[in-house]
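There are 6 protein chains.
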Amino acid sequence: MLRLSAPGCERLLQTPSFDAEFCGAEANVAVGLAHFGVKVDMVTALPENTIGDAAVNALRGFGVGTEHIIRCGDRLGICFVEAGAGYRPARVLYDRAGSSLAEVPAGAFDWPRALEGADWLHITGITPAVSRKAADATLKAVQAARELGVKVSCDANYRSTLWRYCESPIPIMTEIVKGVTLLSAGADDFEQMLGLAGQADDYVSLFEALSAEAMDTFPNLQYVAGTVRDVRSASSNGWSGVLRSRAGVLRAKRYEIDHIVERIGTGDAFTAGLLYGLVNGKANQEALELAVAAGCLKHSIPRDLARMTLDEVEGLVSASSVRVRR
Amino acid sequence: MLRLSAPGCERLLQTPSFDAEFCGAEANVAVGLAHFGVKVDMVTALPENTIGDAAVNALRGFGVGTEHIIRCGDRLGICFVEAGAGYRPARVLYDRAGSSLAEVPAGAFDWPRALEGADWLHITGITPAVSRKAADATLKAVQAARELGVKVSCDANYRSTLWRYCESPIPIMTEIVKGVTLLSAGADDFEQMLGLAGQADDYVSLFEALSAEAMDTFPNLQYVAGTVRDVRSASSNGWSGVLRSRAGVLRAKRYEIDHIVERIGTGDAFTAGLLYGLVNGKANQEALELAVAAGCLKHSIPRDLARMTLDEVEGLVSASSVRVRR
Amino acid sequence: MLRLSAPGCERLLQTPSFDAEFCGAEANVAVGLAHFGVKVDMVTALPENTIGDAAVNALRGFGVGTEHIIRCGDRLGICFVEAGAGYRPARVLYDRAGSSLAEVPAGAFDWPRALEGADWLHITGITPAVSRKAADATLKAVQAARELGVKVSCDANYRSTLWRYCESPIPIMTEIVKGVTLLSAGADDFEQMLGLAGQADDYVSLFEALSAEAMDTFPNLQYVAGTVRDVRSASSNGWSGVLRSRAGVLRAKRYEIDHIVERIGTGDAFTAGLLYGLVNGKANQEALELAVAAGCLKHSIPRDLARMTLDEVEGLVSASSVRVRR
Amino acid sequence: MLRLSAPGCERLLQTPSFDAEFCGAEANVAVGLAHFGVKVDMVTALPENTIGDAAVNALRGFGVGTEHIIRCGDRLGICFVEAGAGYRPARVLYDRAGSSLAEVPAGAFDWPRALEGADWLHITGITPAVSRKAADATLKAVQAARELGVKVSCDANYRSTLWRYCESPIPIMTEIVKGVTLLSAGADDFEQMLGLAGQADDYVSLFEALSAEAMDTFPNLQYVAGTVRDVRSASSNGWSGVLRSRAGVLRAKRYEIDHIVERIGTGDAFTAGLLYGLVNGKANQEALELAVAAGCLKHSIPRDLARMTLDEVEGLVSASSVRVRR
Amino acid sequence: MLRLSAPGCERLLQTPSFDAEFCGAEANVAVGLAHFGVKVDMVTALPENTIGDAAVNALRGFGVGTEHIIRCGDRLGICFVEAGAGYRPARVLYDRAGSSLAEVPAGAFDWPRALEGADWLHITGITPAVSRKAADATLKAVQAARELGVKVSCDANYRSTLWRYCESPIPIMTEIVKGVTLLSAGADDFEQMLGLAGQADDYVSLFEALSAEAMDTFPNLQYVAGTVRDVRSASSNGWSGVLRSRAGVLRAKRYEIDHIVERIGTGDAFTAGLLYGLVNGKANQEALELAVAAGCLKHSIPRDLARMTLDEVEGLVSASSVRVRR
Amino acid sequence: MLRLSAPGCERLLQTPSFDAEFCGAEANVAVGLAHFGVKVDMVTALPENTIGDAAVNALRGFGVGTEHIIRCGDRLGICFVEAGAGYRPARVLYDRAGSSLAEVPAGAFDWPRALEGADWLHITGITPAVSRKAADATLKAVQAARELGVKVSCDANYRSTLWRYCESPIPIMTEIVKGVTLLSAGADDFEQMLGLAGQADDYVSLFEALSAEAMDTFPNLQYVAGTVRDVRSASSNGWSGVLRSRAGVLRAKRYEIDHIVERIGTGDAFTAGLLYGLVNGKANQEALELAVAAGCLKHSIPRDLARMTLDEVEGLVSASSVRVRR
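Chains as they are written, first to last, in this note's numbering: chain A, 1 to 326; chain B, 327 to 652; chain C, 653 to 978; chain D, 979 to 1304; chain E, 1305 to 1630; chain F, 1631 to 1956.
Source of the hints: derived by calculation from the structure; they are not laboratory data.
Warning: the hint list may mix true and false statements.
Unchecked claim - The list that follows gives simulated cross-link-like pairs (lysine to any residue, SDA-like), each with its CA atoms no further than 25 Å apart:
#	chain 1	residue 1	chain 2	residue 2
1	C	K691	E	N1361
2	F	K1883	E	R1627
3	D	K1111	D	V1034
4	C	K830	C	E865
5	F	K1763	F	E1777
6	C	K691	E	E1371
7	E	K1557	D	V1302
8	C	K691	C	E719
9	C	K691	E	C1376
10	F	K1808	F	A1839
11	E	K1343	C	E719
12	D	K1118	D	E1094
13	F	K1808	F	R1743
14	D	K1017	E	L1316
15	B	K504	B	L576
16	C	K905	B	D556
17	A	K253	A	V204
18	C	K691	C	N709
19	A	K253	A	V242
20	D	K1017	B	G391
21	A	K133	D	D1052
22	B	K579	A	A90
23	C	K785	A	R326
24	A	K39	F	K1669
25	C	K785	F	D1704
26	A	K253	C	G890
27	C	K830	C	V931
28	F	K1669	F	R1776
As the structure is a prediction and not an experimental result, all values here were calculated from the model.
Modelling step: build the complete structure from the supplied sequences, incorporating the hints.
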């Protein structure tokens, strides 16, 4: 996806220019993992034109493998973004109709080849939201992974303004999540995408209830993860995360983020940190702490991509101070 | 007025470029009202040159009517602006000597035609501060409105560095306010522009006293409005507003703004919100809440103009969270 | 030194451009003093090329005397900077190997001429960190000053990534500090550069102990100054300062800085404020308050240099509010 | 259409930013005419979102009427542009699939109302190239104009990379041109869009033959216009124009343009100049000279829109020198 | 003067930002001379505000002396500039009404002190065009110079859009030129400012006639200089110069400039080159060649100031090739 | 190398920002070849820091292999660049002292592994100019290639301001060229680097003589290539190339480049085109035409790198027109 954002804190087209970055919920996780030294390949569809070429170059520059990217279709999906500040929330306006990814036939990807040697497949709930074809392709990917013994991570990422081709995401997402090992979800995701709702005094308790329900409903699930966010303003959030495994729920260090540069992409950085931990056999608590620290740091980095090193993330986990590094 | 501001948080001419925007206390209200769907015309004087043309185009683009703008004189007034941050306040340096507005003869405007069909005329105390001619023109406008049964809104906006042609603004402003329906003013304004002073334990009590005194002094006044600002730093303010009508004083929801992008123009956004409410027959409390929310949101938008929709303002009035909008 | 920084809050080379500024620990103090109206000359070495010319022009533009600058050597030292935000600290990457200053022979400077008529010589611990030649030059400067009765100010400024030509800075810095009148130092500086360590419940107590020890060790010292910083995040710090004279320790007003635009150069602004006070015969308490206010204001100004007037600093010392200045 | 262009002479995404402008073959003519003081309305379809709002504001700012614009559909069409230089031609990459204009039902426009009081309707061959629906809408517009006695101008503008929904544009364009009064076309347009081909020693002779053939084929045609371009490089062109009326062919002054800032939009400026002349009853020769001068000047203005005054165009027609204007 | 120019080849306010530079006909010559190593002081009036401070810093940075600058008045004059290209000429829009320089009393300058030790005083015909006060100040300066034996250089620089306070510049300029040693003028200048007109087949012959007439009329004149420009387009000019002394007329090498980056300030660079030669006792022919080469090079440098070294100018005088310098 | 260039046509630090690009004579060829679809690896030394990481990412993004890059040393070499225009030549200021490449031990590279499977090794005369160590490393590379049957391409690229560690490059370059298959050189290169001088009426004849002499002197040489440039100005050049093989001298199509955007890197694009042809077994004439066309196109692309496709180069070889591509 091509992200076009207004400069600084401006409103869209306040000045007639855009900052550009190739990104997307899956690409953000891939780039984050590559920064952490994990070998990662992107599987997607891009148009056979200059914009598609530039997207490939961008991913490749970060060390993300691009050989399984299919080149077809008319256009690259676009999103227009303006950053939030204070009482004005960030806004994302999707322009994804007719994109290569929305139109790619489900059978176009050679999943056995793409997944060869892989430990994990990561998908999100945004791709199936784009079109029925994309939903079919996502389901096919999950099924192929399952047959090949590749674990599947899925970030639910409910987007109400997408999901326009069907009545409800629930039947589709239910089918997908049946093959998922690690589900990342929040309260809206559980309810809108899986039909699981509940009530509790605080968000973590709610997550505990819903994630337990999810584990009951989907026996394949080994992990359910969630970010914990206390939105004081668009510029200041409390931030943490929780991880349920079959052994119970873990909580992590909480960060008080007082100057949010960019809110978008922080959940993807969380996921990249978590997958880094799981791929590298870290203990669940450590993996969760890395995830939360990665997501925390991402709030300080403009645009979607998690441009940070493992050193920085590990440093934050054990940090006593945010002093200048010289 | 042409606003020339240093990029980001830079000091003036730290780098040799300026961001430009056409604005001004009256234009800001006009553009805010146009964003809220109110039909509005600007009456001012602009030079007959490329800069004047660009100002007309800018206003027209926002949907502000420009047919009553007079083209005459030598130059468009300029202000140089640097944003504040932390302990450094924002600064405005006026360069308005000899501007078209300062030099336009009071009789140049055809007020009966300009006010035809209007509900409200909005003026500010900045125009009469620029020159005696501009003060005369303002007074003429108020008198014409009164004769035509058009209500008059006046934002006092005391600027100590202007008001150089006379000893004190008090005689002039007193004459003007005699025709005003809605006066927006703060403690400095009451004292420096109307000669009304007082003392109280807190700002709202002081406003209550001064606004009561104003209502006594000026029987035409139906409303006295004020913003309430608790300046913790140039980046963090408490923010609310008060509105006195003949029925008493109303207070509004208070916002803790923790990341101020732009301080300038927030009072004008407040006024635009208030006038929107009054023009559309909202209850006084609702009008005040819209005013305060509009002013609150404006703190997040760079430069002077209130680039925000009614949806956003209404959303903030009833908001429970500042989450990303996708 | 040529500072190359990423735009806004970006990471280095996130977009392919750099903001440039000529600066450095000594230059920052010089430019700050020039802003405060103090006559000041810079003594350094710059290459005989366009970059060196531009550095001279920049200093001269601020009113810093440049006639004692030696033009020699291969290159101007560079530092790459990215601003911090929230939990991400600012970063400085030095590229100073082989710079004109690192390679200049200690005898190249004509100190008696350069110091003629001077009250103070200001040096920092960064120059001796760059190379042995630079350390020798620094020592020669201090000795010349002492012989000429010129007081010496030294900001310790320990930089662990420099100091690569020797085992430890302690022998060199001990020799230098023997000639110093005013030492600015923090806990790391005392320990790493002078071998003075201690423990205390809070930072100010620790400073009291270490500065007392320093005064015992170095009888020439008349003042030991230090900034007091409570790092809540890269964007929010508590900030103050302390000054020990032979009469005891003075503390200053504390500022809660809630939106840090630039962390780099704040210590240099503190020093400029302090030297301004001492040069102009202010009382110690007043000098310290000016120093702390100057450093506080500097947090709001992008890049290294202390672009602020004496009026602004004095205004902050006595400020009741951070309101817009028009 | 939203034009996203690389800064200066850069290749697309050489740096990660785009300059943005709302434009398009029809919008360019509308904005040009508005600059020349002609009352003009735009009829098109734009999405009901922030991007659509910004497009409306942009047109309105130039004085183009926007009340007949329909708000519907998913997205605004986009084009990516890089400027040419020397031996590298300018490039345009269309991203128009699924745009509001491509999907708008032909019956959505109320042509009798939109054309009320109009002298001319201007269309181009780009709209029917986008989709069958858009072609139907174009044909409907032409037929409505004909019935209402409104003259129709059509700029053929053959774009080989569009026109993907049908075998050939010829049947569609033939039907459209049956209702056209003024056709602007070049050799490619005649051949690919109307099936009229020919051969001649030079371009003007070829145009004479093809335009005569067109007049024979389409008895409604009163004018056939064409630009004459001698492409020495992407930076240097010879430039003129020809106009056939029923009275014969007129040629115009030829300009040697030696520094092309922007090649895109020059044909649209030519059309705006021509329509200005015809609307205002200028003699054919004078109208053609204005068209050629407008197109010539447009080569000096970045991006699509013809930002120039009538004075400037008329000045060029009679110019003796290109001296600085102060 | 503060120059505000549109970025690149854009039209004014095409994008909402300006590039800024402090300049002016006299400042440009001063900065050019400082680049060539000539000791030079600027005498002017600037407002006592941040903008005035920045102007002082800019001049001082280039090595121009600023101690004779008076700080008074309301504002710094502004000019808005857009660069030309091809058939579109560069444009300058003056906004100088009410500037410090226009309002400064003629007696405010202490000319004997300012001219102490000077060889030359350089003035232009733009200052007397701004206001009668400025004309009086200019005349006083010339008279003071004459009394002190300081030679006077005057660049006539006729600007038709200034000169608004009087019927004709001729009486004023005639009085001024009576004290001038070196007059730089073109055909318009001779006619509009001195009432000297003529006719000839080519421009150089015309200059020969008019300069001879000027020498007859003004016996104090030792030199009359002129630039020779053959305007093929705003991007391509032939360029040379002529110099009449009492010994006759000298012509210089002619340059064919094929890519003009900036047309403004080229005459001032010519004057700086000429004065450099005269101040340093170069032969008249050599001085003229330096002047023409300096003016030629200036066409390649954005904005007003002659940012070039003497080496570069001398290199061009004897150049055989424009190869890359590494 | 990190290239820091002034924006547009500005002089260095005219505004305080730099455009950045990772490039260098060898990297430019590598990136050009990667654009043409040739598999290519870069062998160099980069510092182990953020700047080095960014350089690796940039190369990898273009598809250049980076696994043989050694990470060591203190700094990445820098060059400061300003573009030329008209009579002002482009300028390059090297800042390469103490760079990782200058300090890397000759034995650090594992050439047998790096060259495994390679057809060609490409080197330039800039690397040995940087330091004796770098010269040794270059020689080692050539010798390894020779032993492994890998052909060697060498672009002489004489830079007089480098080559500071020895009296003359001739002994070193002679030793290197003994192992070279394809030498690219101009008249200065032959003379200063190989001691071969001559005289002829025109440049091509001179090249014929010198290249023949080179072939006599170095029996290993199979090709000697040269660019042919007729420098009319910094903005306008005639451009072609010549290629001598053992079968004689071939000449190519000549291009008249009338608007040079960037002069730097054009020789490297020529070399990339030539190597593309030789690697892919094109006939010598075809390879030369591709080289000349690639170099020609590069004049239109800002900064060093040859960002162009093979289609574009081949298109230019057979081009009839430079029309807009849509």
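To see whether the hints hold, each was checked on the structure:
no., hint, verdict
1, C:K691 - E:N1361, "holds, 15 Å"
2, F:K1883 - E:R1627, "holds, 22 Å"
3, D:K1111 - D:V1034, "holds, 22 Å"
4, C:K830 - C:E865, "holds, 14 Å"
5, F:K1763 - F:E1777, "holds, 21 Å"
6, C:K691 - E:E1371, "holds, 15 Å"
7, E:K1557 - D:V1302, "holds, 23 Å"
8, C:K691 - C:E719, "holds, 13 Å"
9, C:K691 - E:C1376, "holds, 24 Å"
10, F:K1808 - F:A1839, "holds, 19 Å"
11, E:K1343 - C:E719, "holds, 15 Å"
12, D:K1118 - D:E1094, "holds, 15 Å"
13, F:K1808 - F:R1743, "holds, 22 Å"
14, D:K1017 - E:L1316, "holds, 23 Å"
15, B:K504 - B:L576, "holds, 23 Å"
16, C:K905 - B:D556, "holds, 21 Å"
17, A:K253 - A:V204, "holds, 13 Å"
18, C:K691 - C:N709, "holds, 17 Å"
19, A:K253 - A:V242, "holds, 10 Å"
20, D:K1017 - B:G391, "holds, 16 Å"
21, A:K133 - D:D1052, "holds, 18 Å"
22, B:K579 - A:A90, "holds, 22 Å"
23, C:K785 - A:R326, "holds, 22 Å"
24, A:K39 - F:K1669, "holds, 21 Å"
25, C:K785 - F:D1704, "holds, 18 Å"
26, A:K253 - C:G890, "holds, 23 Å"
27, C:K830 - C:V931, "holds, 21 Å"
28, F:K1669 - F:R1776, "holds, 20 Å"
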